[in-house]
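Chemist: So you can see what is in the structure, the chains are spelled out below.
2 protein chains.
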Amino acid sequence: MGEFELIDKLKHVLPKPSHRILVGIGDDTAVTLPPKERLLWTVDCLVENIHFDFSYATAEEVGWKALAVNVSDILAMGGKPLFALISLVIPERITEKKLLSIYRGIRECAKWAQVDVIGGNVSRSIDDFVIDITLIGESLKPLLRSGAGEGECVAITGSTGPSAAGFQALKRWGKRARKKYPLCVEHHLKPMPRLEFAQLLASKGVTSLIDISDGLSSELTHLAKESKVGIEIEEKLLPIESEVNAIAAVLNLNPIDWVLHGGEEYELLMTFPFSKFSILSSLALERGVPLTMIGHTVASPKQVRIRSRSGNLKVLKPKGWTHF
Amino acid sequence: MGEFELIDKLKHVLPKPSHRILVGIGDDTAVTLPPKERLLWTVDCLVENIHFDFSYATAEEVGWKALAVNVSDILAMGGKPLFALISLVIPERITEKKLLSIYRGIRECAKWAQVDVIGGNVSRSIDDFVIDITLIGESLKPLLRSGAGEGECVAITGSTGPSAAGFQALKRWGKRARKKYPLCVEHHLKPMPRLEFAQLLASKGVTSLIDISDGLSSELTHLAKESKVGIEIEEKLLPIESEVNAIAAVLNLNPIDWVLHGGEEYELLMTFPFSKFSILSSLALERGVPLTMIGHTVASPKQVRIRSRSGNLKVLKPKGWTHF
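Protein sequence lines correspond, in order, to chains A and B. The opening residue of the first sequence carries number 1 in this note's numbering; numbering runs sequentially from there. The opening residue of the second sequence carries number 325 in this note's numbering; numbering runs sequentially from there.
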């Protein structure tokens with residue numbers, strides 16, 4: 001298989017580019033009309049046996065997730081995803097069939113998120129398989145990590161913990177985990193960022209926004225640091241899925257560790273004035289998005305603290321996912 | 325070393341972002357103002373022991389080249405490079421010191437090409453070291469591969485062959501090749517695309533443009549195919565550096581193979597009406613860029629052919645670099 005043949009086959013998996021694309025795959029670069037709003041730029045990669053494992057994930061799921069984690073970053077700015085560039089670094093053992101299946105997963109996610117895949121690159125590696133995706137989005141008013149004020153509400157969409165619990169279940173039970181714990185496994189293998197809801201937030205009074213990719217404790221710490229505020233969260237307000245509790249019980253682990261520190265959740269953490277809670281709650285409800293207030297910001301101390309069920313307030317240290 | 329500490333150290337190697345950048349490294353995404361012209365998008369990666377080898381290349385050179393090959397793609401559209409995203413996939417054996425040196429090479433190239441590094445990603449791998457760079461540029465009138473007409477001049481900047489010859493010299497003599505064959509080694513390790521000249525071409529009558537990354541024979545074939553023309557080139561018109569001849573003589577190889585098929589040259593191949601030759605030649609001369617007419621386009625046959633020194637015209641098959 002030649003490089004150009006491979007590119008041609010991969011290209012044919014993708015949907016036809018939209019009118020925004022003047023030149024797609026096949027020239028020295030892709031060409032698009034410039035978007036009108038502010039541009040958002042992100043890049044993130046999945047590496048086999050670091051971020052995924054074909055022994056329990058399908059190639060389609062890997063493709064979906066490789067794009068979805070980038071979509072999540074654009075949504076975490078309150079933005080709309082637009083264009084993606086896919087860079088594959090491929091060892092010999094990865095078959096053409098597997099690559100085409102991965103591209104079908106990317107296509108499915110691109111259709112869902114209305115993203116145009118406008119270009120990419122394929123290269124050989126010695127052993128590692130890497131899917132590196134650059135995604136560009138736009139936003140009239142990007143929501144930064146630094147916008148939280150004092151005395152504001154801290155809320156999350158959905159719940160945290162399912163992805164970490166699903167990962168542990170897959171490690172323990174392999175593919176059988178899919179039937180036993182479908183919600184957690186789905187959260188881990190095929191995350192579905194809050195596409196529609198995220199794009200409403202900038203105009204509805206949200207002051208800061210971040211996605212929960214590294215774990216809730218890490219993201220709270222980023223938000224507090226960048227916004228120069230303190231945060232107090234209430235353990236009893238943290239939503240926990242019953243499947244997360246069930247997996248933790250079988251594995252004899254404390255589910256709160258996954259809830260606080262589990263990465264790859266791709267939910268949204270945000271702050272807004274308490275006066276905006278009712279409008280945001282009803283917007284969330286209309287779209288079937290769970291939105292839970294988990295705490296509030298304070299002027300000082302400029303730390304993240306958690307109040308336990310017994311009422312003790314203690315510092316919550318970031319313990320999320322780190323590669324290094 | 326933690327992931328965030330590493331990102332912070334790498335970030336501090338880079339120059340301060342320009343006024344075009346609203347949010348740089350450190351939020352979920354970077355944020356920029358939208359450029360006004362058409363946008364050009366490209367991504368290309370260097371993989372250790374596939375594209376480079378630390379046994380003869382310095383880390384600074386690797387960093388320079390990783391960005392320069394992308395700059396070349398933007399220039400190959402007649403465009404101006406703007407923003408880069410750097411994605412590193414790093415095995416444990418690559419030290420922080422080496423990463424910082426690579427970033428110094430990236431910085432040097434970014435300053436030269438006036439590129440803002442606006443973001444990136446770092447990830448672990450099992451064994452391969454990958455530097456994947458996405459670069460975005462702009463152009464009022466992008467120069468495609470498909471714009472060549474019949475009866476036009478075919479020309480190249482500089483010469484082809486030095487990069488391939490330099491690579492063979494490095495393989496044969498290691499670091500000692502630097503002193504023996506400085507021009508060829510420099511072409512291979514630290515390519516310098518035609519930054520200023522490329523950006524003039526769209527307004528001076530050039531009809532099609534491509535960079536010579538895969539080898540002259542491959543690029544001629546792309547141009548002929550996309551423009552639906554034939555191309556005839558003259559062997560006796562192909563510029564050959566004396567160092568290329570010298571290396572070929574010592575290695576008992578035919579230098580014309582490097583000239584026709586050697587990849588990674590990052591020179592420009594273009595077409596334009598013969599009436600534009602004098603203005604383009606003088607523009608090139610003013611900027612110290614060698615510009616050589618090597619042949620012309622024909623209506624048929626729609627093939628790339630080469631006339632040998634003895635006058636025989638035969639089909640030139642693409643035999644450039646391919647990974648697969």
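Source of the hints: derived by calculation from the structure; they are not laboratory data. There could be a bad hint or two in this list.
Unchecked claim - Computed Cβ-Cβ distance ranges for the label pairs, DEER-style:
#	chain 1	residue 1	chain 2	residue 2	range
1	B	342	A	285	41 to 49 Å
2	B	611	A	34	25 to 33 Å
3	A	313	B	421	40 to 48 Å
4	A	95	B	416	24 to 32 Å
5	B	465	A	2	30 to 38 Å
6	A	192	B	420	35 to 43 Å
7	B	606	A	22	28 to 36 Å
8	B	436	A	34	49 to 57 Å
9	B	581	A	36	46 to 54 Å
10	A	127	B	599	35 to 43 Å
11	B	499	A	200	57 to 65 Å
12	B	342	A	20	24 to 32 Å
13	A	127	B	342	37 to 45 Å
As the structure is a prediction and not an experimental result, all values here were calculated from the model. For each residue, glycine too, the CB sits at the ideal point set by N, CA and C.
Chemist: All the hints need checking, so say for each whether the structure fits it.
Modeler: Hints, one by one, checked against the model:
1. Hint check: residue 342/B to residue 285/A, Cβ distance near 44 Å, so the stated range 41 to 49 Å holds.
2. The given range of 25 to 33 Å is respected by residue 611/B and residue 34/A, whose C-beta atoms sit roughly 28 Å from each other.
3. For residue 313/A and residue 421/B, the Cβ-Cβ distance of about 42 Å falls inside the hinted range of 40 to 48 Å, so the restraint holds.
4. In this structure the supplied range 24 to 32 Å holds for residue 95/A paired with residue 416/B, their Cβ-Cβ distance being about 28 Å.
5. Between residue 465/B and residue 2/A the beta carbons are some 32 Å apart, a value that agrees with the proposed interval 30 to 38 Å.
6. Between residue 192/A and residue 420/B the beta carbon distance is about 36 Å. The supplied range of 35 to 43 Å therefore holds.
7. A beta carbon spacing of about 32 Å between residue 606/B and residue 22/A agrees with the range 28 to 36 Å that was offered as a hint.
8. For residue 436/B and residue 34/A, the Cβ-Cβ distance of about 25 Å falls outside the hinted range of 49 to 57 Å, so the restraint is violated.
9. Between residue 581/B and residue 36/A the Cβ separation comes to about 50 Å, which falls inside the hinted range of 46 to 54 Å.
10. In this structure, residue 127/A and residue 599/B break the distance hint of 35 to 43 Å, their C-beta atoms being roughly 54 Å apart.
11. Roughly 59 Å separates the CB atoms of residue 499/B and residue 200/A, a value that falls within the hinted 57 to 65 Å.
12. Checked against the hint of 24 to 32 Å, the C-beta distance between residue 342/B and residue 20/A comes to roughly 26 Å, which is consistent with it.
13. A beta carbon spacing of about 39 Å between residue 127/A and residue 342/B agrees with the range 37 to 45 Å that was offered as a hint.
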